[in-house]
Structure formats: structure tokens, C-alpha cells
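Chemist: So you can see what is in the structure, the chains are spelled out below.
2 protein chains.
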Amino acid sequence: MEAIPLLTLKRLPQYLEALNRLQEADLKMVPATKIAKSTGVHMTQVRKDLAYTGVVGTPKIGHNVDELIQAIEQCLNWNDISSCFLVGVGQLGKALMGYSELSKKGLRIIAAFDSNPDLAGTYYQGIQIHSMAKLSNLLSRLHIHIGILTVPAEVAQEIADDMIAGGIIAIWNFTPARLHVPEHVIVENIDMSSSLAVLSRRVAESLHQSNS
Amino acid sequence: MEAIPLLTLKRLPQYLEALNRLQEADLKMVPATKIAKSTGVHMTQVRKDLAYTGVVGTPKIGHNVDELIQAIEQCLNWNDISSCFLVGVGQLGKALMGYSELSKKGLRIIAAFDSNPDLAGTYYQGIQIHSMAKLSNLLSRLHIHIGILTVPAEVAQEIADDMIAGGIIAIWNFTPARLHVPEHVIVENIDMSSSLAVLSRRVAESLHQSNS
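Sequence lines, in order, name chains W and B. Position 43 (the first sequence) corresponds to 43 in the working numbering; numbering is contiguous. Position 61 (the second sequence) corresponds to 61 in the working numbering; numbering is contiguous.
You may find that some hints are simply not true.
Per the computed footprint, the stretches of chain B lying under chain W, defined by three or more beta-carbons under 8 Å from a beta-carbon of chain W, are [to be verified]:
#	region
1	49 to 56
2	64 to 77
3	182 to 193
4	198 to 210
Derived DMTMM-like pairs: lysine to aspartate or glutamate, alpha-carbon spacing no greater than 20 Å straight-line [unchecked claim]:
#	chain 1	residue 1	chain 2	residue 2
5	B	Lys37	W	Glu158
6	W	Lys28	B	Glu2
7	B	Lys104	W	Asp191
A short, non-exhaustive set of chain B residues, derived as facing chain W with CB atoms under 8 Å [unchecked claim]:
#	residue
8	Met1
9	Ala3
10	Leu6
11	Leu107
12	Ala170
Honestly, the hints are just simulated from the structure, not real lab data. Each residue gets a CB set at the ideal place from its N, CA and C atoms; glycine is no exception.
Work out the full structure, taking the sequences as your base and the hints as a guide.
Modeler: Laid out in C-alpha cells, this is it:
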């Protein structure tokens, strides 16, 4: 399986979003220029990125919309549902447990874990919450490869280590902690704190400038 | 007000996280080496970043923990609560409306907006939801500068344009859409789709490799 470059991978969901809209509008064929226009990505880049899907366009007519959607979903493995575990049933964890968009993007949370004993055995959004003690056993029994991490930052590394010991090879990290993991483990960070830091500071700088 | 480099800004919340833990453990002074160790950032970089806070350390002893926390929060403008509007009360919007961490990081959602007429006039987590028709009037009346965007991708640009016309200078964009905005407007993207695309593909590549 060919390794698709990082930035191409990050753009594929944007193309998919645009293509889904074109499909809803009953468009059958789409030129790269149209995808470029609606995503704001340069046409040359769109062409390069789409080449990774293996779908070949017709000159002056473009790509078949249905075929391209299917090919991108296959590239991203989104047509295949992967089961995953979520650890840390706080506000953010609960939000993700209720976020149905995830399953459209190939990810299904099949069990959750939390250190709060009151939560053990309860359900949220139809997903059972287990005690942390059960994590390692369930990970290996169910052959789970992906873990979502929504615990407090101070325990993130420790829990990540437990996940990896249990067979997790990919962690979707929503904590501000930077995880240290073995080379074979994939970590994707969603860092709301960093993003908010940039936003808040830039606003302060901007307001300060316009007042001075 | 000095412009702090992007990557420094993104790291400041990590230092803050580490410092808060040290403060809880009753530590008074902290050397940069300790911050470096607990965040995984190189010591030289930690020193450079901390210089932007204006707090001066003592050789061999380090920085005063309380002073450093306060200085970082001031750099990020997190000690000052900014009011903001949220547009798009779907699953993600609701999750953010219930996410109390935001107010600890200087952001308070004071009103929400949605195109669904059934939601207009209702409350969620104590925050009133208004019809879209009220957005522009309330934006200018309340002098709001920050908008959180959690609408479907296909209307993101249009709503962003409305926000900016009403006086918004910073958009926290949770949609997969890439926004085109005037130069003075700050956009910070939280792109869960791109992140999930990378994660899913890398897992597929990794599993494929170990099976072959």
C-alpha cells in the first residue's frame, strides 16, 4: 500500500466535502478546476493529489464524481468501519461519543473507559463505560488498533502507555500533552488549547494595534 | 504589543499545563530543564519561549512558578474573559457550549445562532439560541470580536462573511471548509476530518504492511 504524503491526506477530506456537494447537485463529471475553485487549493495541487486516488480523468471533461468519491473514501479507509476505544469520559469524551459524523468517517467507538468508579457499567449514547482495570483485557480480546484519548493532560502519557501495551497502534490525542510513543505508533493531535492560544493572542494584538 | 511567534504561542499552553501541575504539587521555583523534561520540548527552546513572557529566571534556581503562570496567561490573554458567539448548534456546537474548559482559557460563549427555527428562543447549557436573522444586529450591539463556527461546511463561507460584516475579527473554524477572509481577520482551524484522514490512512498502511 502506497504511503500518501501527509499534506495530500489532509486535503482529501476537503475534496470529498466538495464532491459530496456536487453529487447532491446531480453533477456526473467534474474538472479539477472546479474542485480547485470550491476548495481554494491550487489546480496543479488538486491534480497531483487526485493522482493518488488512481482515478484517471478525461481531458476537458474531468473526473467521474461517484468514482472519485469512492476512490477517496477508499484511500482514507473511510468505507471500512474501524472499531475504536475511547478513554476519558469527561465533557469532551462525551461529545465525541455522541458525534455521529465519526462513523461516516470510518470510526466507531465501541467501548469507553473512565477512572471514575461511578461510571463503570453505565452507558452513554448506547456505548458502555468500563473501569480502567478492564482496558488491557478488552483491547487484546477485541483486537482494537485505534484509541481516542480524552483524559486530563497529567495522566495522558500513562494511559497512552497502557493503550500501546494492549495493542493500540494509533492514538487520536485530544489532550494538550505531547505523547512519547514507540516509532510504530501513530499519534494525531487535536490541540484545542494551542489553537485557542493563537486565536486569543492574535485578537489581543490586533485590538491593541487598532487602539494605539 | 509584541507579536509572539506562532510556534511559541502553540507551546505556551503546554508549559502552562506543566506549571499548573507543579503549582498543585506546591513547587515554588522551577528550572527550565524541568519544564523541558515534562513537556518534551528542548531546553533551549523552552528558554527562548519563556523569554517572551518577560519573566526573568534566577541562574541555577529557575523561574517563580506563580509568576510564570500569571505571565503566560497574560500573554495568551486568558486571564481576561472574551465574549464570543457560536454559530451552528449541532452536535459539535452543543459540545462546545457545554465545554467549561473554554472559560478557563478566556473564552465565554454568550449567545448561539442556528438556522433551525425550532431552536430560536430556546436555551442550551444556559446559553440562548437565536435565529440567524439576529446575528448581525447582536454582533454590532455587543461589540463581539470572536466567532466560533460549527455549521455544515457548505454554508461556512457564507456565514463567515456575515460574521465579518458584523465586526468579527477572529473565527475559530471547526468546519472542514477553508475560509477566504480579509487580511485583518484571524482564522484558526480545528480540522477533525483532516486529522482523522491521516490517522485512518496511516493505520491502514501499517496493518497492510504487517500483513504482507
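Chemist: Determine for every hint whether it applies to the structure shown.
Modeler: Evaluated hints:
1. 49 to 56: With 0 residues in contact (Cβ-Cβ under 8 Å with chain W), the coverage given for the region 49 to 56 of chain B is violated.
2. 64 to 77: Per the Cβ count (3), the hint holds.
3. 182 to 193: This one holds; 8 residues, not fewer than the three required, reach chain W with a Cβ under 8 Å.
4. 198 to 210: holds (count 12)
5. Lys37/B to Glu158/W: Holds. Lysine 37/B to glutamate 158/W sits at ~15 Å (cutoff 20 Å).
6. Lys28/W to Glu2/B: violated, 52 Å
7. Lys104/B to Asp191/W: Since the Cα atoms of lysine 104/B and aspartate 191/W sit roughly 15 Å apart, the hinted pair holds (cutoff 20 Å).
8. Met1: Nearest chain W Cβ about 4 Å off; hint holds.
9. Ala3: For alanine 3/B, the interface hint holds, since the closest Cβ of chain W sits about 6 Å away, which is under 8 Å.
10. Leu6: holds, 6 Å
11. Leu107: holds, 7 Å
12. Ala170: Hint holds; alanine 170/B Cβ to chain W Cβ min 5 Å, cut 8 Å.
The structure fails hints 1 and 6 (numbered hints given earlier, in ascending order).
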